[in-house]
Amino acid sequence: MFEEASEVFDNMFKSSFPLTFIVFIPAVLILVSPLPAEAAHEFTVYRMQQYDLQGQPYGTRNAILNTEARTVEAEVLSRRCVIMRLVDFSYERYQKALRQSAGAVVIILPKNMSTMPQDIVQQFMELEPEMLATETIVPVYFALEDDELLSIYTQTLTSSSSQGSSSAAEVLIHTATANGFQMVTSGAQSKAVSDWSITSLEGRLAGTGGEDLPTIVLVAHYDSFGVAPWLSYGADSNGSGVSMLLELARLFSRLYTYKRTHAGYNLLFFVSGGGKFNYQGTKRWLEDNLDHTDSSLLQDNVAFVLCLDTLGNGDSLHLHVSKPPKEGTPQYALLKELETVVSSQYPEVKFSMVHKKINLADDTLAWEHERFGIRRLPAFTLSHLNSHREAQRSSIMDVRPHVDLRKLSRNTKLIAEALARVIYNLTEKGAPGDLQIFTEQMVQEEQLSSVVDWLTAQPRAAQLVDKDSSVVSTLEYHLGRYLKDVRRHYVKADKRDPEFVFYDQLKQTMNAYRVKPAIFDLLLAVCIAAYLGVIYLAIQHFGVLYSLVRRITAPKTKQH
Amino acid sequence: MTLFHFGNCFALAYFPYFITYKCSGLSEYNAFWRCVQAGATYLFVQLCKMLFLATFFPTWEGGAGVYDFVGEFMKATVDLADLLGLHLVMSRNAGKGEYKIMVAAMGWATAELVMSRCIPLWVGARGIEFDWKYIQMSFDSNISLVHYIAMAAVVWMFTRYDLPKSFRLPVTVLLGLCVYKAFLME
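Residue numbers (our numbering), protein chains in the order written: chain A, 232 to 791; chain B, 15 to 200.
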């Protein structure tokens with residue numbers, strides 16, 4: 232047969248040269264074509280943070296992944312992808328995986344965080360900064376759980392945990408027939424994003440009564456932070472701060488429209504970006520306003536700067552300062568007014584001042600007011616958190632249920648009252664402590680609620696919000712409704728000595744393919760060879776089979 | 015799974031054909047080209063069937079769960095063309111006696127193997143994902159080889175003049191079974 236076949240091919244080749252091309256080129260193309268494969272399951276995964284801050288790298292450095300899946304119980308973890316569920320997650324297991332040079336780690340998070348018990352959530356929140364602090368070469372991904380992923384996990388679990396089982400024959404059969412999973416990501420290696428600009432917004436309400444009025448600055452940073460940028464919704468920190476700022480802007484713009492209530496203070500509102508990355512937005516804004524412009528509200532008479540950070544929960548309020556305010560200064564006035572309002576109108580709130588000196592030797596600054604403090608502007612931060620190191624400020628677990636709307640609106644009213652008393656100088660004029668300037672309806676809870684809902688509907692990590700993002704433009708629109716001179720402010724990292732570097736490939740599609748071990752192929756080959764041998768023998772001795780069949784059927788016909 | 019797995023499935027599918035060709039003595043009769051011609055006839059018959067089906071049988075608009083008996087019956091009847099094709103091959107193709115059957119069946123089945131199984135195997139078995147259906151497909155091609163040989167033999171018997179009358183009925187029944195096999199399985 233081969234001779235005839237070769238004859239045919241010879242004729243084909245000799246006759247016309249293009250014909251051979253027509254025959255060969257498709258064959259070659261098919262051979263080298265990439266395979267579009269169908270996976271057992273395809274799901275989105277979110278990568279852990281990767282950034283450089285002031286030259287120091289943080290987070291995971293790698294994005295590509297093409298390894299077999301295992302769970303932590305398996306003995307051999309090197310170059311495998313370790314899958315863990317959040318309920319089983321612990322730092323020791325994570326370290327164990329990294330120590331054994333695992334290929335990747337995938338952590339499965341439940342779809343609804345609120346179903347998790349509090350202690351697990353708390354433990355994970357505390358582990359997040361530790362995970363980020365150690366620079367890992369191994370890519371770490373987070374995935375949201377669904378049924379198929381859960382079934383993949385349980386199958387991998389059974390196969391991983393039975394690796395240490397007893398007899399050799401069992402192990403052999405098991406390895407030959409097991410159903411493994413290969414996890415493959417479809418993206419490229421992560422690269423630094425060049426020319427990323429962080430956007431900040433400012434707006435003002437001008438006071439009445441001549442030039443050189445004192446200015447009060449209200450600041451809140453709108454970005455969020457967590458161990459995975461695409462999963463950081465930042466409800467309390469700092470969605471609460473931004474919504475409070477917008478509400479204060481609305482209240483004071485209403486007051487400032489009437490001549491009777493137009494006060495003699497300029498109000499400057501600043502929504503800063505890059506807050507979680509050492510307050511980059513604020514830093515550059517200050518440099519631009521103080522060093523590079525001739526006249527700016529910040530250069531003249533600044534009464535104080537009030538930064539709002541994480542105010543959506545809790546029954547305590549802390550005023551963080553870097554220098555205790557001296558008597559007779561506007562900051563001291565605000566401190567006193569806050570104490571007065573709290574003691575007379577909101578006795579359930581515990582108010583205190585926390586004094587922390589600015590430590591320039593630290594990697595990052597603690598609160599936003601320290602940026603202003605460095606430039607010798609009097610500033611403080613209001614927060615319900617006691618310390619800047621609290622895990623809640625930078626966690627992916629900070630989702631919408633973390634904000635208690637009643638407490639947020641109570642805090643908003645509190646701050647609005649205190650500010651009004653300072654602006655209108657009410658204590659000196661003899662107004663009693665429990666005089667309510669703003670009635671119940673003035674602070675609109677629905678507005679606060681809708682702003683917080685909108686803010687927590689999308690991840691607001693600084694790497695994800697660029698200047699065309701809808702978050703920025705919506706904030707700009709909102710500010711423009713109440714304030715004048717709403718302007719954008721951009722920060723780009725310095726080319727030669729960048730303060731911050733962001734990396735891409737933060738969201739990937741991962742495919743899980745069902746694979747069988749290599750031994751299975753060999754086993755199959757052996758079986759097929761045996762089967763073919765049997766067929767060959769059957770056909771060779773077909774005559775024997777035929778006569779056998781005839782002998783069986785023949786007695787029947789003889790009986791007819 | 016990999017090229018190796020593809021090789022496995024391909025071997026499972028193709029080697030019985032090869033073995034049958036070699037061992038049934040067809041190679042001594044220089045029947046390679048005749049098999050290719052039989053394969054070409056298969057292609058032609060399939061093309062005609064497809065055109066016929068597409069033209070005369072519109073898509074069934076009914077509910078998903080209802081099985082359109084009449085429609086499927088008509089479609090299965092078109093498979094009679096398969097039998098006609100086999101008959102055509104055997105009558106036109108010169109070849110001695112019983113070897114006609116073998117030549118026709120081999121060519122037919124090989125063409126079916128190449129057309130309907132090679133490409134799924136190539137695309138599917140070479141991927142990373144493993145699925146039992148590729149082994150099933152290869153095994154299925156073995157069974158269809160035997161099926162086509164039997165079908166060709168029955169068609170040949172049907173056309174013989176000197177067939178005893180008593181055999182006519184089972185032969186017809188078998189032929190009917192061949193055609194409506196797919197239909198009856200539903």
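Please keep in mind that the hints were generated in silico from the structure rather than gathered at the bench. Check before you lean on any hint, since a few could be wrong.
Derived, one-sided and incomplete: chain B residues facing chain A with beta-carbon distance under 10 Å [said to hold, decoys possible]:
{"hint": "1", "residue": "His19"}
{"hint": "2", "residue": "Leu26"}
{"hint": "3", "residue": "Thr69"}
Pulled from the structure, derived: some chain B residues nowhere near chain A, Cβ distances all over 12 Å [unchecked claim]:
{"hint": "4", "residue": "Lys36"}
{"hint": "5", "residue": "Gly141"}
{"hint": "6", "residue": "Glu143"}
{"hint": "7", "residue": "Phe144"}
All values derive from a computational prediction rather than experimental measurement. Ideal Cβ placement from N, Cα and C applies to all residues, glycine included.
Can you give the numbers of the hints that this structure goes against, from lowest to highest? Violated hints (numbers, rising): 3, 4, 5, 6 and 7; every other hint is consistent with the structure.
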